[in-house]
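**Student:** Now for the letters of each chain:
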Amino acid sequence: MKGLPPVLITAIVLVAGFAACALQFPNIASTRVVGNLLTDNAFLGIVATGMTFVIISGGIDLSVGSVIGFTTVFVALAIERWGMPPLVAFVAILVLSAAFGAAMGAIIHVFDLPPFIVTLAGMFLARGASFLLSTESVPITAPVYSTVSDFALHMPGGGRLTAIAIIMLVIVIGGILLLRLTRFGANVYALGGGRATASLMGVAVGKMTVKIYMLSSLLAGIAGIVFSFYTSAGYSLSAVGVELDSIAAVVIGGTLLTGGQGSVIGTFLGVLIQGMIQTYINFDGTLSSWWTKIATGILLFAFIALQQGLVALARRPVSNRAGAAP
Amino acid sequence: MTALLPRRGLAQILALIVILAVDRLVSPQFFDLRLQDGRLFGSLIDVLNRGTPVALLSLGMVLVIATRGIDLSVGAVMAISGAVAASLADSHGLPVVLAAALGIGILCGLWNGFLVAVLGMQPIVATLILMVAGRGIAQLITEGRIVTFSSPDLVWLGNGAILGVPVPITIAVGMLILTGAIVRGSALGLLIEATGGNARASELAGVGTRAMILAVYVWCSVCAALAGVIAAADIMGADANNAGLWLELDAILAVVIGGTSLFGGRFSLILAVLGALIIQTMNTGILLSGYPPEFNLLVKAVVVLAVLLLQSPKLSGFSGIMARLRGTKP
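Quick mapping for you: the protein sequence lines, in order, are chains A and B. In terms of my numbering, the first sequence has 67 at position 67, counting the first letter as 1, and numbering is strictly consecutive. Count along the second sequence from 1, add 326, and you get the number used in my numbering.
The shape of chain B in the complex, shown without the other chains:
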């Protein structure tokens, strides 16, 4: 198992290196970094910074998918938490704003988790409800306007830097470490994988599958809420219509690229985040190359299909395909 780990991530790391190399070709300054006003600048930092929301979403999403679920509502949750943060930002301090935004995230997660774990709804359907209604709720909070704010604390969260590293990146890395510590530092990760592998067998074996499912949806929504706050802080405002729009798809894509099967079971946090970075590197590369950003969708479609076919249970698994590819291509 441990011996397998490096090989598991090999395809993703190779893909990232190839895409980075292509980016370097289209934009010679791609790897340039410079320090200005105590903050690092450069395309690489840009990729990390822009990739933060999807990376955060994929952290929660990978756990949900590991339980054989899916959360379509993360984009809407981002919109709600962004709306909450933006409307409170100028009248309250940062701790209150953060607590309120994350609190809303917990509520959303409890709702999703309740529908899936207690009422036994299909995850796609259960989270579809919040996906549809969530943007309405966000618009209710912002009263249909784009709420702007100037609170320096919140703006710092989106645009500031700690020791030269932009704050969003720091937060994403922090969340990765925190999530990793929680699920891999304890047996939780194993129990989540067991739930996804076979919920009924796990239940009989004494795993509290309902609690596991509830917990992963709450965590997913908390991650989404955090991403929503960062997205709002980044543009110094909350746009209920467009904040996090279609990001749920990117997050699912990131998890799939990261090699976690949609059929539940074994998952990898790091590879999911790597998946998010691969997506963002592609996006940035397409932008830098001067092609219209609309190409993003086409490229994503091709990538999803390719990864899916590699994952397909009908084919002899991911590693088998990789081996076959390596064998046929020089």
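Bound-form chain A, shown alone:
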């Protein structure tokens, strides 16, 4: 369990941060605030789960924010303008986004290109396609939307665990199981450890690459549907920059950006930390929202520096032996 220490640090940062917030604003420590935090970050949690798989496998997916944007527009238009039943629209967009991810994965593998630039093209493509569908915000009035929005489990203390928060929690738990307990998960780690080694161990590198990006895009599609529930609208400019938020959550969660190490639970904690910073800033009222970005940047730096330190520590014994230290 090499991945444990960074996750532990993430957990400590979250608990300590939450305690500090609660000391200043006692009201933060209520199920109401926690419930809202889960609801507000539901789409981010889902996307970041997919991003965790991609990053552990040694890749990166910059297209997820655009896929969310495209999904919201597609779903809104399909339901409101094209008269599709919501469920059919959901299935259609999930198939579409999975195919999109699979195509990116295939291009990355077949042409041996950096994932960063291929998914960048994917980002342009998905965002451009959503602009083509509609440049204005399309409100969704289907009855299923109000039903889902109104649905919530009541927690003690007046908190509401909304449907989209539940979807997010289910996906996070599913992600944890998929990564920890299945052959697919083991292959993801193997791929991140080194493509050549993974291939020699018998991992079908090409198939895995396609599947991983498919998973990421599929989850981005689900996040898009959740986002459309959250805002009850489809808008081509929604979720701009979410790819960065989710990468930040993954890194803060202790996943190594070079791949090979990490965990979904850490990512989930990373999402919660970002949500916590946002909540604190909302409670404070005098701090402006740009402090979120600076705080996220500082946390990013701290965690990456920590990773570098850990990696250096892991390598040190070998070099010491070679140098025959006294």
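Everything labelled a hint here was simulated from the structure, so no lab data went into it. Any given hint could turn out to be false.
[Claimed, not checked] A short list of chain A residues far from chain B (calculated; beta carbon distances all over 12 Å):
id: 1; residue: L14
id: 2; residue: A20
id: 3; residue: P26
id: 4; residue: A102
id: 5; residue: D112
id: 6; residue: L120
id: 7; residue: M123
id: 8; residue: L125
id: 9; residue: P143
id: 10; residue: P156
id: 11; residue: G185
id: 12; residue: A186
id: 13; residue: V251
id: 14; residue: Y280
id: 15; residue: N282
id: 16; residue: K293
[Stated by the list, open to error] According to the in silico footprint, chain B covers these stretches of chain A (three or more CB under 8 Å from chain B):
id: 17; region: 126 to 140
id: 18; region: 163 to 171
id: 19; region: 240 to 250
id: 20; region: 298 to 307
A virtual CB, placed ideally from N, CA and C, is assigned to each residue, including glycine.
Dock chain B against the given chain A, drawing on the hints supplied.
**Tutor:** Using the frame of chain A, we list chain B on its own:
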């Protein structure tokens, strides 16, 4: 090598000519130029003028990419330097404003370079930090407002003209010549290419790879800072949220179109700037043709993919593909 050079740029020049021809089709006055109030006007000048920020960014970016790096923070650096310039413009003279804005750029570059060269972080990750935090810093400087100014000196930098040529174009050409003189007039360019080709081998061969990497990130940020000042001067204000937004992607795209491989190594300054001009000519063409500007993104996506596939190590290289295309298409 020297014999190869003209052939290297052939595809880009052809692409630019084709796009220009298409632009001429959609807008018959495309090549018209007129002199008014001592400044040239016309679509062509507009392309050059609007293309200046990305051209400047691509000048720095191409060096970073040549070392096998990438700088995602240039858009944020533009926002920071624009914010600094705008908040100082009405109380200080142009030299102070420029020095402050470029100084901030140097600091940003040192930070990025430190993370990559000294701490050994992956460039994407290292520069991601400033990309995320940079806009926050810019908003901190402008206190969340859009800072406007009326200093005629700074406005001249964005809207003035020297001998009829708009100042931004003059600055971009100047920077191209300066950068070219520095990296090609000395062995620096070669050392940068060596660093990107194989950092470890270069280190063993005596190249100061860390210094090279630090230097290219600083230069990239300085170029970004300059682009930020010009962008701020152009709109007579600094908008921390939107200045330079997504321009890092355009700059990377320009470098890629210019034929510099993302895997580091050989680079070309002129072709990177040509790449920036190709992007801007496409943008302007789409605007002139009356299509919604949203088409830009789709077109860019297709162009990136096409260029990437041509560059792919799995295919037989750029020239091979070009030859094959020429062979199959009449």
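**Student:** Look at each hint and say if it fits the structure.
**Tutor:** Evaluated hints:
Every CB of chain B lies more than 12 Å from the CB of L14/A, the least distance being 19 Å, so the non-interface label holds. Chain B leaves A20/A outside its interface by the beta-carbon criterion, the shortest separation being 20 Å against a cut-off of 12 Å. Here P26/A stays apart from chain B, with its beta-carbon at least about 28 Å from theirs, past the 12 Å limit. No beta-carbon of chain B is positioned within 12 Å of the beta-carbon of A102/A; the least distance is around 15 Å.
Not every CB of chain B is more than 12 Å from the CB of D112/A (nearest about 5 Å), against its label as outside the interface. With a least beta-carbon separation of about 6 Å from chain B, L120/A fails to lie farther than 12 Å from that chain, contradicting its non-interface assignment. Non-interface call for M123/A relative to chain B: violated, since the shortest CB-CB distance, roughly 8 Å, does not exceed 12 Å. Its beta-carbon lying about 4 Å from the closest one in chain B, L125/A breaks the requirement of being farther than 12 Å from that chain.
With a cut of 12 Å on Cβ distances, P143/A stays outside the contact zone with chain B, its closest approach being about 31 Å. Here P156/A stays apart from chain B, with its beta-carbon at least about 36 Å from theirs, past the 12 Å limit. The beta carbon of G185/A sits about 23 Å from the closest Cβ of chain B, which is more than 12 Å, so the claim that it is off the interface holds. Non-interface call for A186/A relative to chain B: holds, since the shortest CB-CB distance, roughly 24 Å, exceeds 12 Å.
Listed as a non-interface residue, V251/A fails to keep its Cβ farther than 12 Å from every Cβ of chain B; the least gap is roughly 7 Å. At roughly 15 Å, the least C-beta separation between Y280/A and chain B is larger than 12 Å, which holds for a residue marked as non-interface. With 12 Å as the threshold on Cβ separation, the claim that N282/A sits away from chain B holds: the shortest Cβ distance comes to roughly 16 Å. Distance check for K293/A against chain B: the nearest CB is about 3 Å away, which does not clear 12 Å, and the non-interface claim fails.
By the rule of at least three residues with a Cβ nearer than 8 Å to a Cβ of chain B, the coverage given for the region 126 to 140 of chain A holds, with 6 such residues. Counting residues of the region 163 to 171 of chain A whose beta carbon lies closer than 8 Å to any beta carbon of chain B gives 0, which falls below the threshold of three, so the coverage claim is violated. Evaluation of the coverage hint for the region 240 to 250 of chain A: fulfilled, as 3 residues show C-beta separations to chain B shorter than 8 Å, against a requirement of three. Counting residues of the region 298 to 307 of chain A whose CB lies closer than 8 Å to any CB of chain B gives 5, so the stated coverage by that chain holds, three being the minimum.
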